Amino acid sequence: MPLMDFGDALNLALKEEMRRDGRVYCIGEDIVLGVPFSVTKGLAEEFGLARVRNAPISEAAIVGSSLGAAITGLVPVVDMHFADFVTCAMDEVVNQIAKSRYMFGGQIACPLTLRMPYGIGKSAGGHHSNSVEAWFVNTPGLKVCMPSTPADARGLLKTAIRDPDPVLIFEHRALYRVQGEVPAEETLVPLGSADVKRAGTDVTVIATARMVGEALLAAEMLAEEGISAEVVDPRSLVPLDRAALAASVAKTHRVVIAEEGPMRASVGAWLAWVVMEQSFDELDAPIARVAAPDVPIPFSPPMEAFVTAHAGQIVAAAVELMK
Amino acid sequence: MPLMDFGDALNLALKEEMRRDGRVYCIGEDIVLGVPFSVTKGLAEEFGLARVRNAPISEAAIVGSSLGAAITGLVPVVDMHFADFVTCAMDEVVNQIAKSRYMFGGQIACPLTLRMPYGIGKSAGGHHSNSVEAWFVNTPGLKVCMPSTPADARGLLKTAIRDPDPVLIFEHRALYRVQGEVPAEETLVPLGSADVKRAGTDVTVIATARMVGEALLAAEMLAEEGISAEVVDPRSLVPLDRAALAASVAKTHRVVIAEEGPMRASVGAWLAWVVMEQSFDELDAPIARVAAPDVPIPFSPPMEAFVTAHAGQIVAAAVELMK
Amino acid sequence: MVEEGAPTPAPDARARELYHAGRIPGFIHLSVGQEGVAVGVCAALRRDDYLLSTHRGHGHLIAKGGSLRRLMAEIFGKVTGCCKGKGGSMHIADASVGYLGANGVLASGCVLGPGVGLSIQIRGTDQVVVVLFGDGAANRGPFHEGVNLSALWRAPVVFVCENNSWASTTAHELSTAGGSIAARAAGYGIPGVAVDGNDALAVHAAVAEAVRRARGGDGPSLIEAKTVRWLGHHEGDPQAYRPKSEVEEGRRQDPIARLRAHLEGAALLDAAQPARVAQAIEAEVEDAIAFAESSPLPEPEAALDDLFVHWPWKGR
Amino acid sequence: MVEEGAPTPAPDARARELYHAGRIPGFIHLSVGQEGVAVGVCAALRRDDYLLSTHRGHGHLIAKGGSLRRLMAEIFGKVTGCCKGKGGSMHIADASVGYLGANGVLASGCVLGPGVGLSIQIRGTDQVVVVLFGDGAANRGPFHEGVNLSALWRAPVVFVCENNSWASTTAHELSTAGGSIAARAAGYGIPGVAVDGNDALAVHAAVAEAVRRARGGDGPSLIEAKTVRWLGHHEGDPQAYRPKSEVEEGRRQDPIARLRAHLEGAALLDAAQPARVAQAIEAEVEDAIAFAESSPLPEPEAALDDLFVHWPWKGR
Ligand SMILES: Cc1ncc(C[n+]2csc(CCOP(=O)(O)OP(=O)(O)O)c2C)c(N)n1
Ligand SMILES: Cc1ncc(C[n+]2csc(CCOP(=O)(O)OP(=O)(O)O)c2C)c(N)n1
Ligand SMILES: [Mg+2]
Ligand SMILES: [Mg+2]
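Chains as they are written, first to last, in this note's numbering: chain A, 216 to 538; chain B, 216 to 538; chain C, 422 to 737; chain D, 422 to 737.
FYI, nobody ran anything at the bench for these hints, they're computed from the structure.
Do not take every clue at face value.
Quick list of in silico lysine to any residue cross-link-like pairs, SDA-like style, CA-CA up to 20 Å [unchecked claim]:
| no. | chain 1 | residue 1 | chain 2 | residue 2 |
| --- | --- | --- | --- | --- |
| 1 | A | Lys230 | A | Pro217 |
| 2 | C | Lys735 | A | Ala324 |
| 3 | A | Lys538 | B | Phe495 |
Okay, the calculated bits of chain D under chain B, using three or more residues with CB under 8 Å as the criterion [claimed, not checked]:
| no. | stretch |
| --- | --- |
| 4 | 456-467 |
| 5 | 477-489 |
| 6 | 502-509 |
| 7 | 694-701 |
Note that the coordinates shown come from a computational prediction; the quantities given were computed from them, not determined experimentally.
Beta carbons are placed, not taken as given, at the ideal position from N, Cα and C, and that holds for glycine.
Using the sequences and the hints, build the whole thing.
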């Protein structure tokens with residue numbers, strides 16, 4: 216399979232879907248030149264400025280207009296620029312996009328995709344580094360996915376665009392230039408299908424996005440200590456592949472859940488409950504969690520590194536579980 | 216102790232704090248007449264329109280201006296009207312209020328209180344019924360409390376106003392006209408102190424706000440079946456009184472967590488993890504959760520009732536745990 | 422115009438009685454006295470044009486040609502309602518006539534508008550979309566972002582502010598700096614006009630001109646229609662904040678009476694017609710009420726339907 | 422004015438070199454070419470007046486009289502920085518001189534402004550607050566809500582839009598319907614003026630007048646200062662979207678050269694002074710850099726400090 220980086224895989228997915236369906240258009244700030252992450256680069260040249268739309272700095276209108284377009288025949292793909300700025304369009308996402316179809320008794324459909332570049336790194340500071348996925352998993356009416364590899368990024372974004380409902384795809388900033396194998400042929404990744412990124416027998420590490428890489432790194436380190444870790448990537452949180460989690464836990468009886476965001480009321484905390492609910496009798500030890508301390512993201516490298524969840528913490532948690 | 220209803224207890228707390236401290240002012244939509252929940256009724260007469268400020272329909276400016284005032288010497292108490300509308304001021308709450316002190320290295324303090332009338336009931340429909348507390352518990356930099364009785368409402372609101380940091384107080388709409396005993400003398404309820412609302416030995420029910428009443432009702436019903444339920448109300452979620460939860464679980468070994476909001480990535484899911492983390496070996500059964508199905512809140516009474524978490528579900532869950 | 426126009430008061434008047442008789446759950450916001458706006462706006466629209474409405478939207482839906490039966494059934498919370506009872510008064514919608522929904526969050530329609538306009542442009546039709554919002558709502562950020570974006574796109578959007586001079590208990594002067602919403606249009610380089618909202622013909626003329634511009638590709642307009650809310654903000658509002666005289670003054674400008682007078686004056690109505698129309702309306706309204714009353718409530722479990730189109734894991 | 426004014430270019434020019442030399446983490450947004458605005462605004466302010474700044478705020482902080490050492494240390498991420506290294510370039514703050522913070526979320530300062538103004542009113546001082554924001558940011562909702570609220574309160578707020586005609590890669594014409602931000606003031610019934618932002622004296626005159634009104638209780642004003650961003654949006658921006666001529670044209674309007682020429686013309690500077698000032702500035706800047714370079718990085722665990730004032734459960 217050809218090697219491709221995560222950002223280019225997303226770019227390919229956008230091109231494939233825009234070629235397939237004339238209703239698909241992209242909108243966001245500075246997307247014509249693909250600033251800052253180059254995901255939309257080159258789209259304007261191929262599809263023109265009517266379908267690749269630079270917007271003013273008006274997040275509420277960018278997101279709100281996409282709902283208006285989606286319920287009247289178009290298929291918007293919104294670039295949130297940084298997921299942090301979804302806070303400037305929160306009503307539009309959680310009250311309008313998530314609830315309209317339901318409140319209107321199913322009269323309308325809302326086929327739109329919100330691309331959420333997010334995550335910590337490079338001292339981007341407190342307003343450009345946050346993990347906000349938990350808010351949307353907590354909001355009924357939204358589908359949420361989080362790719363960890365170029366192939367998953369392409370496959371999930373294509374699925375999101377074709378999905379007749381609103382889908383948020385969280386793209387971790389630190390992954391954009393990570394390479395991976397991407398099938399030459401067009402490939403979709405369905406929502407609700409987890410992927411075992413590494414098979415193992417002693418402990419299950421559940422992780423998404425950037426933390427999958429950390430989990431694989433941790434698995435390497437654990438292998439050296441004779442601990443066999445299985446890395447399971449849910450890939451989408453809504454819907455969630457509960458069966459895949461149960462199957463892995465039934466094998467390992469020990470679980471570490473790793474996420475980048477803070478500890479409280481997070482996706483990881485919820486996944487811990489899901490595992491406990493469906494696999495309580497399988498568990499030989501309490502579920503361990505790796506997450507950030509409950510503080511904002513500091514700027515200076517030593518402090519930023521301190522709050523960045525990493526492989527070492529996963530190793531420590533797994534070793535503790537094996538005692 | 217005198218009987219007083221929840222809304223009047225909040226009103227009393229506001230009056231006491233405004234009398235105590237001239238820097239305290241209230242702001243919100245239609246608060247001069249106390250519309251719609253009468254919590255701010257009569258304040259304008261006593262304190263004047265400079266300290267009881269009706270605002271235009273500009274949630275971002277209502278909340279944002281409160282931050283500006285708080286960092287320059289005032290103590291704002293914001294009435295969010297309906298917690299659902301915090302979505303119109305999300306950046307102001309989670310990026311500005313929650314992060315400013317931290318990002319500025321502790322140079323400023325932000326002593327403000329956000330009053331969040333929230334919750335399901337009376338067919339208020341999809342935009343006036345939501346439980347959104349999980350988003351703020353997930354946001355480092357905010358303190359969050361949820362009173363269940365008139366005495367706690369008064370005591371927590373007074374503490375919130377005196378606290379030098381931002382505090383969100385979630386006031387359930389359905390509780391405003393519920394009566395309870397309120398101490399004649401001025402009484403504060405500290406953040407981070409849970410309260411055992413009913414002692415029991417067989418199962419611990421953890422609940423906040425409206426669900427405490429449902430839990431007490433459930434405890435009555437369970438008592439008839441010979442099951443002794445202990446009802447623990449954390450009262451504040453940030454900070455959380457972990458010790459009180461551990462103490463109760465050490466006694467009962469069984470836990471039901473009841474909340475009004477949806478199942479996914481919720482406060483209840485997080486509390487379940489907290490309990491598991493600190494009391495895993497004490498648990499004789501998986502933690503049971505009562506919450507709403509993952510759908511928006513429908514209008515029509517039969518459907519609204521169907522998604523409203525209630526005592527019956529707590530009873531069923533507890534009975535199941537005792538098997 | 423009579424046909425769209427006339428029905429709007431009667432249903433709200435009856436809804437009011439039924440609400441106080443305990444037949445209608447939740448809150449209801451009625452537009453009695455504001456019919457001139459709904460009528461004037463919708464008379465300038467085609468059935469395939471779009472409307473984004475407010476929390477006070479019954480009249481807008483009726484004037485747009487939506488089903489009175491399904492509207493009434495919805496506010497009763499019945500399964501035969503336009504939203505199957507999931508929405509209620511504040512969330513009515515009837516996509517079949519382009520009524521894209523009332524909204525419980527003020528001014529949110531202002532940002533949906535440009536997107537509806539964009540889809541009209543990209544699909545290449547000559548439809549237009551009207552965004553209705555109140556004078557209070559005009560002070561929320563989405564008004565600014567939605568008008569600016571629509572202007573940048575020259576989108577076929579007509580922003581109509583229904584200025585009844587109150588936002589719940591808050592007077593217009595205390596919420597709107599400068600005092601004029603129409604005047605804010607200039608800042609975006611689009612036409613802005615204020616009209617007498619109690620004069621359906623004046624509203625119609627202003628909206629028709631804005632619609633002509635929009636269909637012709639000349640972009641959005643902003644219209645401020647000044648009208649009077651005869652009743653409380655919602656049913657049950659004691660209105661202590663408001664002088665009775667205001668409503669009496671408003672009643673003297675009864676938009677329906679003025680429309681009828683005009684039609685008679687112009688000999689467009691013979692003497693008998695008003696009575697016939699009134700009868701027809703009453704019959705239609707009573708039929709809708711009977712339909713709502715006799716319709717079943719939804720099954721409780723129906724709360725679990727209609728969230729997603731593609732929902733393979735539903736129920737799991 | 423020279424004293425506040427002159428220092429601003431030099432630090433950003435040096436910061437640029439240091440950034441590319443890998444001494445400064447994160448992103449930095451520089452304001453080389455836009456000094457006329459920072460200088461003109463701050464020269465009209467007292468030390469106890471407030472400023473709410475933007476993501477491009479180094480110059481604003483220096484002009485307001487903030488510590489150059491602590492600014493430089495902050496963007497280096499050092500513990501001696503004004504925010505102890507927690508903020509960085511986009512989140513600098515120096516409350517000791519009323520600089521209430523840069524902001525990573527555009528236009529958010531527009532809604533903080535009226536609250537600062539309210540606290541000034543209630544505390545009964547005669548301070549003012551200036552809210553700075555870019556031309557792109559002016560299209561966000563908080564601009565609308567913040568200006569409206571300030572006007573309603575007649576709050577002592579001066580809104581200054583630093584219009585450098587670009588929002589990252591997006592041209593002003595493509596983001597701002599109507600083209601004029603100053604013109605939007607009329608919709609709120611407040612004064613709105615556009616000035617040459619490259620002429621520090623013109624900026625100063627307009628701001629001084631707005632400040633006079635604000636201190637006098639006459640409420641807010643909106644000033645649009647047109648200037649030129651000589652460098653990329655942030656360091657590392659290749660600026661493919663922008664004709665070189667634009668910057669060349671901008672350089673011909675060098676605000677510092679113009680200010681110096683004026684002062685010399687008015688015989689307020691003797692021939693030797695500019696050189697002396699330049700030397701003094703260079704010394705100050707190099708001292709600040711040396712301070713930053715020699716300061717220690719924060720301890721990693723310091724990430725757990727400074728969240729709350731009252732934090733009894735900290736560390737648990
Ligand atoms: C964003 C938001 N804030 C507050 C409310 C609560 N609310 C409902 S109607 C209303 C007054 C609206 O006034 P206006 O926009 O003038 O419309 P009118 O009721 O006069 O028709 C308020 C404050 C809301 N529904 N949405
Ligand atoms: C709410 C928000 N949206 C988007 C961004 C990303 N962003 C940072 S600077 C910038 C351009 C700002 O343009 P302008 O307001 O004119 O200020 P300038 O950079 O020209 O000084 C953008 C889009 C942001 N920081 N905040
Ligand atoms: Mg109104
Ligand atoms: Mg700019």
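Given hint Pro217 (chain A) paired with Lys230 (chain A) - CA-CA distance at most 20 Å = holds, 17 Å
*asked:* Between the stretch 456-467 of chain D and chain B, are there enough contacts, at least three residues with CB-CB distance under 8 Å, for the coverage claim to hold?
replied: Three-residue rule not met by the stretch 456-467 of chain D, so violated; n is 0.
Straight-line alpha-carbon gap Lys735 (chain C) to Ala324 (chain A), limit 20 Å:
holds, 17 Å
Given the hint that Lys538 (chain A) pairs with Phe495 (chain B), test it: the Cα-Cα distance must not exceed 20 Å. holds, 15 Å
Are three or more residues of the stretch 502-509 of chain D within 8 Å, CB to CB, of chain B?
-> Contact hint for the stretch 502-509 of chain D vs chain B: holds, 7 residues under 8 Å.
Verify the coverage statement for the stretch 694-701 of chain D against chain B, using a C-beta to C-beta distance below 8 Å and requiring 3 or more qualifying residues.
-> violated (count 0)
Three-residue Cβ test at 8 Å for the coverage of the stretch 477-489 of chain D by chain B: Result for this restraint: violated, n = 0.
The structure shown violates the earlier hints numbered 4, 5 and 7.
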